[in-house]
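Protein chains in written order, with the working numbering: chain A, 1 to 443; chain B, 444 to 928.
Fair warning: there could be bad hints in the mix.
To be verified - With a cut-off of at most 20 Å between alpha-carbon atoms, the simulated DMTMM-like pairs for lysine to aspartate or glutamate come out as follows:
no., chain 1, residue 1, chain 2, residue 2
1, A, Lys229, A, Asp193
2, B, Lys537, A, Asp41
3, B, Lys795, A, Asp22
4, A, Lys248, B, Asp477
5, A, Lys368, A, Asp301
6, B, Lys795, A, Asp193
7, A, Lys154, A, Asp189
8, B, Lys911, A, Asp301
9, B, Lys904, A, Asp299
10, B, Lys466, B, Asp517
11, B, Lys795, A, Asp435
12, A, Lys393, B, Glu554
13, B, Lys879, B, Glu836
14, A, Lys364, B, Asp810
Source of the hints: derived by calculation from the structure; they are not laboratory data.
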Amino acid sequence: MRYLPHTEEDIVSMLRTVGVEDMDDLFSSIPPSCRVGRALDLPDALTEWELGTLTEELAETMAVSPAYRIFMGAGSYDHYIPESVSYLLGRSEFSTAYTPYQPEISQGTLQAIYEYQTLAARLLGMEVANASMYDGASALAEALLMAIRITKRKRVALSPLIHPHYRAVVRTYLGPGGYEIVELPFLKDGRTDISGLSGMDDLAAVAIQSPNFFGCVEDLPAADETIRKTGALFLVSFTEPLAYGLFKNPGCQGADIVCGEGQSLGIPRSFGGPGLGMFACRMKHVRSMPGRLVGKTTDRDGRPGFVLTLATREQHIRREKANSNICTNNSLCALASAMYLASVGGTGIRDLASLNYDKAEYLKRGLKEAGCRLTFDSPTFNEFVVEFPKGFKDTYTRLLEKRIVAGVPLGTWYPGLPDHALLCVTETVGREDMDALIREVRS
Amino acid sequence: MKESQGTSGLILNEPLLWKKGKKGRSGFSMPRRDVVPSPADEVLTGDGPDLPDLSEVDVVRHYTRLSQWNFGLDTGMYPLGSCTMKYNPKINEKQAVLPGFAGAHPLLPAELSQGTLELMWRLERYLAEITGMDAATLQPAAGAQGELTGMLLIHAYHASRGSRRSKIIVPDTAHGTNPASAALCGFSSVPVQSNERGVISPEAVAAVMDEDTAGIMITNPNTLGLFEENIQEIARIVHTKGGLVYGDGANMNAVMGIVQMGKIGFDVMHLNLHKTFSTPHGGGGPGSGPVCVKDFLAPFLPVPRIVFNEGAYRLSEDLPQSIGRLHAFHGNFGVMIKAFCYIMSMGGEGLKRASQLAVLNANYIKDSLKESLHLPYDRPCMHECVFSDKLQEAEKVTTLDMAKRLMDYGFHPPTIYFPLVVHGAMMIEPTETESKEDIDRFIEALRAIAAEARDNPEMLKAAPVRPKVRRLDETAAARKPCLTG
Numbered sequence: 001m002r003y004l005p006h007t008e009e010d011i012v013s014m015l016r017t018v019g020v021e022d023m024d025d026l027f028s029s030i031p032p033s034c035r036v037g038r039a040l041d042l043p044d045a046l047t048e049w050e051l052g053t054l055t056e057e058l059a060e061t062m063a064v065s066p067a068y069r070i071f072m073g074a075g076s077y078d079h080y081i082p083e084s085v086s087y088l089l090g091r092s093e094f095s096t097a098y099t100p101y102q103p104e105i106s107q108g109t110l111q112a113i114y115e116y117q118t119l120a121a122r123l124l125g126m127e128v129a130n131a132s133m134y135d136g137a138s139a140l141a142e143a144l145l146m147a148i149r150i151t152k153r154k155r156v157a158l159s160p161l162i163h164p165h166y167r168a169v170v171r172t173y174l175g176p177g178g179y180e181i182v183e184l185p186f187l188k189d190g191r192t193d194i195s196g197l198s199g200m201d202d203l204a205a206v207a208i209q210s211p212n213f214f215g216c217v218e219d220l221p222a223a224d225e226t227i228r229k230t231g232a233l234f235l236v237s238f239t240e241p242l243a244y245g246l247f248k249n250p251g252c253q254g255a256d257i258v259c260g261e262g263q264s265l266g267i268p269r270s271f272g273g274p275g276l277g278m279f280a281c282r283m284k285h286v287r288s289m290p291g292r293l294v295g296k297t298t299d300r301d302g303r304p305g306f307v308l309t310l311a312t313r314e315q316h317i318r319r320e321k322a323n324s325n326i327c328t329n330n331s332l333c334a335l336a337s338a339m340y341l342a343s344v345g346g347t348g349i350r351d352l353a354s355l356n357y358d359k360a361e362y363l364k365r366g367l368k369e370a371g372c373r374l375t376f377d378s379p380t381f382n383e384f385v386v387e388f389p390k391g392f393k394d395t396y397t398r399l400l401e402k403r404i405v406a407g408v409p410l411g412t413w414y415p416g417l418p419d420h421a422l423l424c425v426t427e428t429v430g431r432e433d434m435d436a437l438i439r440e441v442r443s
Numbered sequence: 444m445k446e447s448q449g450t451s452g453l454i455l456n457e458p459l460l461w462k463k464g465k466k467g468r469s470g471f472s473m474p475r476r477d478v479v480p481s482p483a484d485e486v487l488t489g490d491g492p493d494l495p496d497l498s499e500v501d502v503v504r505h506y507t508r509l510s511q512w513n514f515g516l517d518t519g520m521y522p523l524g525s526c527t528m529k530y531n532p533k534i535n536e537k538q539a540v541l542p543g544f545a546g547a548h549p550l551l552p553a554e555l556s557q558g559t560l561e562l563m564w565r566l567e568r569y570l571a572e573i574t575g576m577d578a579a580t581l582q583p584a585a586g587a588q589g590e591l592t593g594m595l596l597i598h599a600y601h602a603s604r605g606s607r608r609s610k611i612i613v614p615d616t617a618h619g620t621n622p623a624s625a626a627l628c629g630f631s632s633v634p635v636q637s638n639e640r641g642v643i644s645p646e647a648v649a650a651v652m653d654e655d656t657a658g659i660m661i662t663n664p665n666t667l668g669l670f671e672e673n674i675q676e677i678a679r680i681v682h683t684k685g686g687l688v689y690g691d692g693a694n695m696n697a698v699m700g701i702v703q704m705g706k707i708g709f710d711v712m713h714l715n716l717h718k719t720f721s722t723p724h725g726g727g728g729p730g731s732g733p734v735c736v737k738d739f740l741a742p743f744l745p746v747p748r749i750v751f752n753e754g755a756y757r758l759s760e761d762l763p764q765s766i767g768r769l770h771a772f773h774g775n776f777g778v779m780i781k782a783f784c785y786i787m788s789m790g791g792e793g794l795k796r797a798s799q800l801a802v803l804n805a806n807y808i809k810d811s812l813k814e815s816l817h818l819p820y821d822r823p824c825m826h827e828c829v830f831s832d833k834l835q836e837a838e839k840v841t842t843l844d845m846a847k848r849l850m851d852y853g854f855h856p857p858t859i860y861f862p863l864v865v866h867g868a869m870m871i872e873p874t875e876t877e878s879k880e881d882i883d884r885f886i887e888a889l890r891a892i893a894a895e896a897r898d899n900p901e902m903l904k905a906a907p908v909r910p911k912v913r914r915l916d917e918t919a920a921a922r923k924p925c926l927t928g
């Protein structure tokens with residue numbers, strides 16, 4: 001086996017040093033009753049070349065572009081990734097290193113993550129961002145737990161227009177602790193109805209996603225004003241951070257904690273993971289924050305350098321009293337997003353976000369003319385809800401035969417919206433693809 | 444010793460990203476604008492993010508220089524105990540970026556995503572076989588999330604029987620994530636001490652196990668690199684009182700094909716695909732922490748579950764007793780591909796061989812170094828061995844000093860000051876992918892360092908001198924945090 005370097009001669013000489021006869025003797029500390037008496041029932045080992053054939057066969061069954069035209073978003077977005085990003089990310093000094101516990105020989109990872117923290121904080125309009133969480137869903141759950149720690153209150157309110165899977169993960173994380181989750185209603189314009197919040201003075205946090213699951217941009221300043229009066233922390237979550245290239249970021253609109261999914265920033269969809277849990281807050285709350293943080297310092301000779309810091313919040317120091325149990329996070333994905341943001345740049349991200357917005361507006365106009373109803377009239381970024389003229393199922397099935405995947409059906413999550421679909425369009429979708437969708441919907 | 448691997452070369456300084464570039468540069472090929480602009484509402488739009496503008500060359504040089512300040516597993520031996528820094532096969536990286544996988548949307552209908560579902564379904568079965576369990580979920584994104592999943596499963600199991608237990612037993616050798624994960628689930632940790640042999644005794648467990656205790660979390664082999672030899676008796680004690688046994692599988696690399704945890708009393712355990720199954724650690728993730736369970740816990744597993752019938756795979760949410768969701772989608776699929784490829788490349792025999800050689804390498808290091816370094820538990824170890832700095836105390840040389848000096852010799856230091864039960868611990872896990880020559884060089888380096896500790900302790904206190912920076916002021920970093928630039 002090419003990953004195992006030992007020759008028979010090596011093994012004999014090493015066994016002699018250890019003072020045992022054969023390999024089995026190495027396991028003498030394991031009681032015989034604990035050992036397996038048979039070989040593992042696994043497929044025979046494949047060669048490198050056979051493995052390639054197997055994975056090709058599996059991958060070929062998947063519906064992906066360009067063979068398919070896919071108008072799906074809903075928390076996972078198709079954006080172009082510069083080849084330079086994938087290439088740099090493949091440098092094994094980054095990818096094969098462990099968490100940077102030994103800073104002297106991990107300055108590459110450490111500076112890169114410090115830069116990621118800075119770029120993430122700037123994009124979200126916040127004072128500090130951590131080194132990453134697993135994904136947008138667990139980041140939201142951890143943000144709510146953080147708010148519970150800060151306010152010492154046990155009840156949280158969620159917008160119903162937060163990604164349904166994120167809300168499900170929140171229920172999983174908060175359930176055993178006995179915390180109460182209040183779900184707010186939504187308005188006819190596709191935004192969260194916050195009118196019920198006034199008078200709720202025992203909330204630890206109110207969380208709103210913007211752009212929300214229907215693609216609508218929420219009125220965050222109004223939400224901030226209402227939430228402020230309740231004494232709860234204002235959490236903003238997101239699934240599409242590219243929106244902040246065009247729309248105002250949550251930080252400048254009053255958010256106390258901002259968290260969400262960063263997959264759009266240079267990370268392939270990869271069937272939903274790994275993505276990037278982004279997490280940012282105000283500096284006054286940094287000691288209640290979960291996750292790793294990289295900080296700037298100096299070495300013995302006074303040269304600048306970086307280290308993991310504020311570790312007393314973490315499980316390896318505080319054990320059961322830690323802010324979170326997180327250890328391994330999604331560091332390489334954070335690095336990918338920093339490389340992506342560096343490549344696209346401040347000027348570029350504005351242009352790219354505008355292009356996404358303009359394409360979605362083009363598709364909305366075309367579908368409307370083709371007889372679709374656009375369910376909500378709030379501004380959207382790159383996805384939106386539609387009702388097809390001839391019902392969802394028929395249209396969806398007919399389009400699938402043409403290798404067009406016409407969005408994600410909403411009925412399973414929102415029973416009040418049967419026959420509604422969430423459609424997404426990004427810079428990777430050409431005008432002719434949108435025209436094809438419009439033509440087929442009309443016919 | 445022979446010439447050291449560690450040397451100094453030309454290392455370039457590199458400013459922070461935003462100190463480079465110039466407004467108007469770009470490293471991105473902007474897609475053609477084929478639709479008319481539609482101005483957005485100006486009340487909603489801001490000025491745009493304050494990000495630097497860089498050319499592609501700026502970006503490539505920046506990250507190439509940064510990468511050169513890092514020591515990776517491909518650079519050299521990385522013997523971090525309990526982290527299993529084994530070689531990350533290159534072919535697996537290529538499989539993970541196949542367009543059908545990397546481009547797949549997670550909400551594609553089942554009929555359009557048979558390949559990813561099949562891969563996950565098969566991986567679940569292989570992991571269940573390796574651990575001797577009956578079912579698995581791949582959803583947890585890392586080991587700690589796997590632990591949380593396990594705790595939630597135990598919590599749900601007790602709740603389904605109408606009981607709510609408040610405590611969980613956690614040995615003093617456990618990783619910090621164990622008590623932290625238990626706490627997230629509302630359990631308070633009850634510590635048990637390991638005995639003079641470095642393992643948990645049945646008596647210690649019997650003394651604390653009661654009907655308010657949900658179960659026990661055991662890392663096996665434990666973090667001293669020792670097999671918990673009383674595991675079957677401990678499991679019997681816990682089960683008799685209605686508790687469950689959770690296995691932290693961080694150290695599974697020692698016993699693949701040798702011990703099936705499901706057959707020796709474990710009810711639920713997690714694995715780290717980024718340790719045992721060779722996926723790269725990425726400088727701190729992404730990992731993947733699948734959880735394997737016995738049949739009676741399967742109804743509580745996270746949704747969605749992958750179901751195979753009538754020749755097709757699909758996802759099912761129909762599991763009324765499920766603990767719910769742990770991840771926005773299906774977990775870290777990109778990591779699962781690499782672990783699947785590793786298992787397919789190794790086969791059952793290859794995995795067993797890997798465990799045997801991992802244990803051989805660790806014992807070889809243990810027996811080669813026990814004259815130079817203090818070995819608190821002098822007995823056969825599994826995949827890792829733990830030394831301490833006791834012999835160097837007279838010269839006031841610490842484990843930290845020796846670890847830093849190892850860098851000058853061209854090695855990544857081992858895990859230090861863990862497990863907590865050994866004062867000044869130095870925990871060495873070579874893994875099976877290190878050759879005898881590399882291990883011999885490592886042994887020689889540590890022997891030389893032990894000699895330096897005796898003859899020239901100041902040299903160790905000044906170490907390291909060869910990396911780009913010397914020891915960093917961590918106290919100042921924490922006192923006045925500077926977390927963004």
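How the hints compare with the structure:
{"no.": "1", "hint": "A/Lys229 x A/Asp193", "in the structure": "holds, 16 Å"}
{"no.": "2", "hint": "B/Lys537 x A/Asp41", "in the structure": "violated, 27 Å"}
{"no.": "3", "hint": "B/Lys795 x A/Asp22", "in the structure": "holds, 14 Å"}
{"no.": "4", "hint": "A/Lys248 x B/Asp477", "in the structure": "violated, 25 Å"}
{"no.": "5", "hint": "A/Lys368 x A/Asp301", "in the structure": "violated, 66 Å"}
{"no.": "6", "hint": "B/Lys795 x A/Asp193", "in the structure": "violated, 58 Å"}
{"no.": "7", "hint": "A/Lys154 x A/Asp189", "in the structure": "violated, 31 Å"}
{"no.": "8", "hint": "B/Lys911 x A/Asp301", "in the structure": "holds, 11 Å"}
{"no.": "9", "hint": "B/Lys904 x A/Asp299", "in the structure": "holds, 14 Å"}
{"no.": "10", "hint": "B/Lys466 x B/Asp517", "in the structure": "violated, 37 Å"}
{"no.": "11", "hint": "B/Lys795 x A/Asp435", "in the structure": "violated, 56 Å"}
{"no.": "12", "hint": "A/Lys393 x B/Glu554", "in the structure": "holds, 15 Å"}
{"no.": "13", "hint": "B/Lys879 x B/Glu836", "in the structure": "violated, 30 Å"}
{"no.": "14", "hint": "A/Lys364 x B/Asp810", "in the structure": "violated, 71 Å"}
The earlier numbered hints that this structure contradicts are 2, 4, 5, 6, 7, 10, 11, 13 and 14.
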